[in-house]
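According to the numbering used here, the sequence shown is numbered sequentially starting from 98.
Note that these hints are calculated values from the structure, not bench results. Everything numeric in this text was worked out from a predicted model, so none of it was measured. There could be a bad hint or two in this list.
What the hints assert, rightly or not - Derived DEER-like restraints, expressed as beta-carbon distance ranges:
#1 Lys303 to Glu160: 36 to 42 angstroms
#2 Thr141 to Arg161: 39 to 45 angstroms
#3 Gln139 to Glu295: 23 to 29 angstroms
#4 Phe198 to Glu229: 34 to 40 angstroms
#5 Thr237 to Glu160: 45 to 51 angstroms
#6 Phe198 to Glu121: 25 to 31 angstroms
#7 Lys260 to Gln105: 15 to 21 angstroms
#8 Glu113 to Asn181: 30 to 36 angstroms
Claimed, not checked - Using 30 angstroms as the maximum straight-line C-alpha spacing, the simulated DSSO-like pairs for lysine-lysine come out as follows:
#9 Lys197 to Lys303
#10 Lys253 to Lys303
#11 Lys303 to Lys100
Glycine residues also receive a C-beta, built at the ideal position from the N, C-alpha and C atoms.
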Amino acid sequence: MTKTQRYQFVINYFTEHAPDAETELIYNNPFQLLVAVILSAQCTDKRVNITTPIIFNYYPTAERMAKASFDDMFPLIKSISYPNNKTKHLIGMANMLVEKFGGQVPMTVDELMLLPGVGRKTANVITSVVDEQPNMAVDTHVFRVSARIGLTINAKTPLATEKQLIANFPKEYIFRAHHWLILHGRYVCIARNPKCNECGIKLICKYFNNNKIKLKYK
């Protein structure tokens with residue numbers, strides 16, 4: 098099977114079975130999504146969605162959040178992983194939005210990466226989800242699933258994975274493919290004991306085909 102055929106199989110499968118795949122984070126505007134994505138680093142979307150409503154109630158805008166103190170914010174996110182750093186990041190992010198961007202979330206990766214707590218992955222999430230830009234956020238699920246299926250070859254870093262995926266997915270699918278791979282990794286192609294028997298793309302999956310004899314008897 099050629100690389101092009103493998104990618105086309107993945108596209109065909111997910112456009113049929115998950116045509117409207119999207120982030121599981123709950124938000125109403127770009128600022129709320131930015132807050133949620135910052136909080137989601139090394140934390141589950143479920144935990145973030147439990148936490149964000151009270152944050153959005155107290156701090157619905159960057160202007161309001163910029164006025165928060167550490168002692169105001171920390172109790173609201175103490176159940177989230179790394180609450181000390183994330184408290185500082187949220188307040189710093191809000192202040193920079195106000196001072197540099199007029200309180201609005203910028204829509205370029207380079208500008209977003211200027212904000213405290215925002216790395217390349219977060220910037221790619223914001224621009225692809227909000228603006229459907231052809232940017233590929235690579236988290237642990239995307240990194241793992243891409244390698245297992247065989248969409249990436251010898252990609253040792255998230256950036257290498259991102260570059261290969263962007264080079265091979267047609268531009269119009271990139272923003273959606275990010276969600277396909279994340280959700281597939283979250284619910285089917287899990288880190289330990291992937292659910293190959295439930296997988297709709299196992300026929301073209303390198304991991305499955307290299308291990309199918311062992312997997313058959315699990």
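Each hint, compared with the structure:
1. For the pair Lys303 and Glu160, the beta carbons lie near 50 angstroms from each other, so the given range of 36 to 42 angstroms is not met.
2. Taking 39 to 45 angstroms as the suggested C-beta distance range, the pair Thr141 and Arg161 does not conform, at roughly 26 angstroms.
3. For Gln139 and Glu295, the hinted distance range of 23 to 29 angstroms is satisfied, since their beta carbons lie about 27 angstroms from each other.
4. Between Phe198 and Glu229 the beta carbons are some 20 angstroms apart, a value that contradicts the proposed interval 34 to 40 angstroms.
5. Between Thr237 and Glu160, the C-beta spacing of about 34 angstroms breaks the proposed range 45 to 51 angstroms.
6. Separation of Phe198 from Glu121 is about 27 angstroms and conforms to the stated range, judged on CB atoms against 25 to 31 angstroms.
7. The given range of 15 to 21 angstroms is respected by Lys260 and Gln105, whose C-beta atoms sit roughly 20 angstroms from each other.
8. With their beta carbons about 45 angstroms apart, Glu113 and Asn181 fall outside the hinted range of 30 to 36 angstroms.
9. Simply put, Lys197 and Lys303 have alpha-carbon atoms about 47 angstroms apart, too far for the 30 angstroms limit, and the pair is violated.
10. Of the pairs offered as hints, the one joining Lys253 and Lys303 holds, with about 17 angstroms between alpha carbons and a cut-off of 30 angstroms not exceeded.
11. Restraint check for Lys303 and Lys100: the C-alpha separation of about 12 angstroms stays at or below 30 angstroms, so the hint holds.
When each numbered hint is compared with the structure, violations occur for hints 1, 2, 4, 5, 8, 9.
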